[in-house]
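The residues making up each chain are set out below.
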Amino acid sequence: MANSIAEQGQEAGRTHGSTPTTRDYRAWVIGLIAITLLMVVLGVWGAGTTVGVVQPWMGIGLLLAIALAIITGVSKTSSA
Amino acid sequence: MILVILPLGKEAQQIGNWVARVIMYTAASVLGASTLAFLLGLVGWGLRALFPWVKLEWAVALLGTMSLLYALHELKILHLPNPQIGWQVPKSWQRSSRLVGNTFYGYVLGMGIFTFIPFTSFYVLLGWEMVVGAMSIKAAVALGAIYGLSRGIPVVVGGISMLRGEYPLPVSNWLIAHLGWWHAMNGLALLFVGTFLLGSLFI
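Going down the list, the protein sequences come from chains P and L.
Counting from 1, one number per residue, gives the positions in the first sequence under my numbering.
Counting from 1001, one number per residue, gives the positions in the second sequence under my numbering.
In short, the hints are calculated from the structure, not lab data.
Please read these numbers as outputs of a predicted model, since none were measured by experiment.
Note that beta-carbon positions come from the ideal geometry of N, C-alpha and C, so glycine has one too.
All clues stand as given, with none of them false.
Incomplete in silico selection of chain L near chain P, CB under 8 Å:
hint, residue
1, Val1060
2, Pro1118
3, Ser1121
4, Leu1125
5, Trp1128
6, Ala1139
7, Tyr1147
8, Leu1188
9, Phe1192
10, Val1193
11, Ile1203
All chains, full assembly: derive it from the sequences and hints.
This is the structure in structure tokens:
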């Protein structure tokens, strides 16, 4: 797992156009792990505030789907 | 794709031409994505009619699990199947008219299933459209339309920057160069969605 994340760090380093350094990897790995944990905590916290099971076709369920649709769409066009 | 729609060099001065292409590309993208969402919605609706005893919890659990697994795929922790046709829209579509060609590009790329699928969050979105369609086909189509519109946003933003006298090439290059970041962002979004959906089942 650490190797896979470090590979992403390397990619991030390369795409910056600079020589990747160990510090870059560390910052990338620590940052990614921190944000990953934050997302999990936010997801669990959000679920805790929802009454009953999330309904994917209305309310907060549909809002989540809209956010995912926007991220996916913008990513696809921007990266190609 | 931004620079396929937005022109290089002298052509950029023909503002009317490329603004029309940006508008048509985006509108066609909305139409293409809505068409697919409608079809998926119909499938979801049909499945619900066929299996009325299947509870909502199963759909939420399936979406949540799919989101978490593909989050790990996007973060390069797990390797999952990434089925795709991988077809490239042909340049020849622009031969007779760039406006017509770009409109076709918008429709096909808006549907998204015939070309490359670089982000697995797209599969979760398609699954979500099916689940939504089981309850409301209108909501599924709305979801598709928002996805289609968001496919046009980078092109529209590039067009606006051109109207302000700033050429979007550096921004486009920067966006393409940071592919790893896009994957990380998609992975994190899927992680949030997955924990939220599954969390609502167990908390």
